[in-house]
Structures are given as structure tokens and as C-alpha cells.
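**Student:** Same order as they appear, the protein sequences are chains A and B.
Sequential numbering of the first sequence, starting at 1, is according to my numbering.
Sequential numbering of the second sequence, starting at 1001, is according to my numbering.
Since the hints were derived computationally from the structure, they do not count as laboratory data.
Among these hints, one or two may not hold up.
As the list claims (entries may be wrong) - Cβ pair distances, simulated, as ranges:
hint: 1; chain 1: A; residue 1: Pro67; chain 2: B; residue 2: Leu1302; range: 29 to 35 angstroms
hint: 2; chain 1: A; residue 1: Gly43; chain 2: B; residue 2: Lys1229; range: 30 to 36 angstroms
hint: 3; chain 1: B; residue 1: Lys1152; chain 2: A; residue 2: Gly43; range: 31 to 37 angstroms
hint: 4; chain 1: B; residue 1: Asp1199; chain 2: A; residue 2: Thr65; range: 19 to 25 angstroms
Built from N, CA and C at the ideal position, the CB exists for glycine as well.
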Amino acid sequence: MITLFVEEESGERSPIEVPTDMQLSLMEVLKASEYPVLATCGGMAICATCHVEVVEGDEHYKEATDPELDMLDTLPEVTDASRLACQMRLADDMDGMVVRILASEEEY
Amino acid sequence: MVQSIEDKRVETDICIIGAGPVGLFAVFEAGLLKMRCHLIDALPQVGGQLSEIYPKKPIYDIPGYPDILAQDLVDKLEQQIAPFEPTATLGERVEELERLEDDSFRLQTNEGTKVFSKVVVIAGGLGCFEPRKPPITNLENYEGKGIDYIVKNPEKFRGKKLVLAGGGDSALDWTLYLSELAEEVTLVHRGSSFRGAPDSAEKVMSLADQHKINLQLNANVTAIQGNGKLNACVITDKEKTSITVDTDYFIPLFGLSPKLGPIANWNLNLDRNAIVVNTEDYSTNVPGIYAIGDINTYPGKLKLILCGFHEAALMSHSAYRVVSGGKKPSFKYTTVNGAPTM
Chain A
1 MITLFVEEES
11 GERSPIEVPT
21 DMQLSLMEVL
31 KASEYPVLAT
41 CGGMAICATC
51 HVEVVEGDEH
61 YKEATDPELD
71 MLDTLPEVTD
81 ASRLACQMRL
91 ADDMDGMVVR
101 ILASEEEY
Chain B
1001 MVQSIEDKRV
1011 ETDICIIGAG
1021 PVGLFAVFEA
1031 GLLKMRCHLI
1041 DALPQVGGQL
1051 SEIYPKKPIY
1061 DIPGYPDILA
1071 QDLVDKLEQQ
1081 IAPFEPTATL
1091 GERVEELERL
1101 EDDSFRLQTN
1111 EGTKVFSKVV
1121 VIAGGLGCFE
1131 PRKPPITNLE
1141 NYEGKGIDYI
1151 VKNPEKFRGK
1161 KLVLAGGGDS
1171 ALDWTLYLSE
1181 LAEEVTLVHR
1191 GSSFRGAPDS
1201 AEKVMSLADQ
1211 HKINLQLNAN
1221 VTAIQGNGKL
1231 NACVITDKEK
1241 TSITVDTDYF
1251 IPLFGLSPKL
1261 GPIANWNLNL
1271 DRNAIVVNTE
1281 DYSTNVPGIY
1291 AIGDINTYPG
1301 KLKLILCGFH
1311 EAALMSHSAY
1321 RVVSGGKKPS
1331 FKYTTVNGAP
1341 TM
């Protein structure tokens, strides 16, 4: 089990405890924890409704992969640590990572 | 092939909103019960997400196909429903739904096409694909007054000054195309390079080198100015330096994102952007309106194409009672009746 934190707009951080041995993605965990992540495309990196920013965490997690960049490049608002949560497989070295949700249900 | 028809007035048994795989298969199930269908889709072609977003991706969970490319599945569904001769209105979006005195429906699209039907089936998938809008104050005030999200008629921009924003293929392609006919084109992209088709990216870079377009990298359009009509965009780079560019049009090209659209105003019970249905027949809370596929929700819902197919079959048997004025459909295997015909 690892602990991830979701940072609210107020700066407040809420912990989520998640297992790393179930092949879950960060999107699935956020959705299951009832965060406003629609995940309309079901994890194919084509809808950006699970867009997050890695606020704190290992540097390599702040770098989006190629399929994500293809999508992120078409979005109006992106940060240098923008990721699509559906492309982030949970791993032990994510323990303590802080993310901010940039997708909002109103927007999509 | 399902072709869009020109008729502005259509009468049918079932009007299906959404021509994705589930909407297409609903034509088949309805056809087995001799009901006529008319399809409406906001996209100019059938196939929904499969054709629009991932035509070349293999799908592995269609029964009987170990794997099949998304577009191939759409093509096969079109073949399968061809005997039932469905009609379609493509590239138009349903705006209004009205219940008539005899309990039938009148639907109207944004282009004024009217469809009269006894039953309405919403197979809208993710919803309508609408342009993503950048977060700029006042943006809405200038829509249609200098801001366009889609290039429908390029001639409109001949001899004009344009600011385009975006870094995807459509931003690159339109920059190349419009640079030929506009007086001045500025392309604003948040990144330092383009990930679109390398060939287009190279051409855009070379136009910028020749000063044929004004390329602003690592920058965003942060404000718009005008007086009733747009006349300038403020472009801000990563160092927070801003410049103001005079322009006739601002064209943000940030792709499409799915939205529920006007369906949200039809008094249907909704839960988190999905239509709540009864799993007995996938009817909604409004008699005569059904919802099938990704757009509906019920306990245990799985957003799978194969679940949508099942929903289409049960919906058709229930819709038959509405269309036939209360008659019970007779259930027959397709192996008994032979090749399907209308």
C-alpha cells in the first residue's frame, strides 16, 4: 500500500491509500474515490477528462509519455507537470505523491 | 453504406440519436421487427467514437471477433443493417424535442431538419463533440463576432487578419491552408515544438522562417479585445511578456470534447451526465424515449459495445409495443426467418 495526496484548490491535501499490486491506474483510483474525473474514454488517452498535475513526486512522473503529449498538446490549459492519470500505473515509488486535478466535470 | 439524406422533413417509426456502433445495431434489431429507423448524428459520418477517435485501434471484446479494427466493425455494422434501408441526417445536431398530441415526437436539428417519430432512442455515447474553449474572459461575448472554433468555410477568412491557437494537427493544417488566403496569420502554441504530423510541422516552421506567418511559441492567447466585434488578441509568453496583435478573427483549435448538449434539457432523469434507464427495456422516465449504450446508466452498468448491443435488442422489443399501438412483438430467431429484409 502507498499513500497519495490530492491537493484541493484551497491547498488542502487529502490522502488516498492505494494498493500497488493490482495494476490500477491513477485515473481508476481517483474515479473510485469519487473525485471529479469522468474518464469518458476509459483510459485510452484520448479525452483528457483525467488531466492532473503532479505537484510533488519523483521527477519522472512529471513527464508525460508520447500518447499523453499528443492529447495534452491539443488542450488549452496545460502545465509542465501535466499528466493524464489514466496513463499512470500505480507503483511503490509513487508513495507520497501529490496531484492536483485539472479536469473538471463542468468543463467536460 | 448509410448516406445522409437531404430531406428537411422525415417521418419514421424510430428516430435514433447517435450513429455509433450501438445506434447502428439498433437499426438491425428494430428492422427484425419491421420498424423503420432514421439516424441523426452531429458528426458527418457514422461510427461515432470508433470512426472519429480510434478508427485504427483493434477491439478485442466483440463476440466472434478475436480482434477487429474499430472502423472495420463500423463497416460491418453498416453492411448488416443495409437490408433495412435506414435513412440518416448526418452532420446535424438535435436541438429540440417536442411531444405531439398523439404522443409521438417531433425533433428538430440545428439545420432545421424535422423528424417525426413514434419512438426516440438516444444512443449518444459520450454526447456531442463540441470544441474545447480556452479559459479567456469574455470569450463567449465574441463568439460569432470574430471567434470561430471550427473552420467551416475558409473563404470567409480571405484577406483577413487571423490569430490561430493550438498545437495539434488541425492547428497546423489550418495554418498552412489559411496562410494562402488570409492577409496575415499568427499561430500561437503553448509548447516549443509541434507533435503533429512532422511534415505539417516542418512546413509551418518554414513559413515562419520566411515571415509568411507570425509564429508565437511558448505562448498563449490570454485576453481578447474588441468593441462589439473582436479586433485584437493579447498573447503572453512564458516570461509573462505580452504583445497585442490586431486581428479580425481568433480561431482556437483545441480539439473536441464530448458534452451532453441539449439532451440535458429534455426532463430525463440524469446521474452524473448519464441517462438513468430501467434495465427491463432501457426506457427512460419519459415514455417513448429510450437510452442505450454509453450514454445510459443503471446499477452494474458497463460501458462496453457488447452491452450496448444487448440493450438495443431489449429496447426494440419494448419500442415495438409503442410503434404498433400496443401489440406484442413475436420473437423469432434469425435462423428461422433467413436473411433479414424489411
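**Student:** For every hint, state whether the structure bears it out.
**Tutor:** Cross-check of the supplied hints:
A hinted range of 29 to 35 angstroms is violated for the C-beta pair Pro67 (chain A) and Leu1302 (chain B), which are about 24 angstroms apart. Roughly 43 angstroms separates the CB atoms of Gly43 (chain A) and Lys1229 (chain B), a value that falls outside the hinted 30 to 36 angstroms. Checking the proposed 31 to 37 angstroms range against Lys1152 (chain B) and Gly43 (chain A) shows it holds: the Cβ atoms sit about 33 angstroms from each other. The hinted range of 19 to 25 angstroms is satisfied by Asp1199 (chain B) and Thr65 (chain A), whose Cβ atoms lie roughly 23 angstroms apart.
Violated hints, listed in ascending order, are 1 and 2; each of the other numbered hints is respected by the structure.
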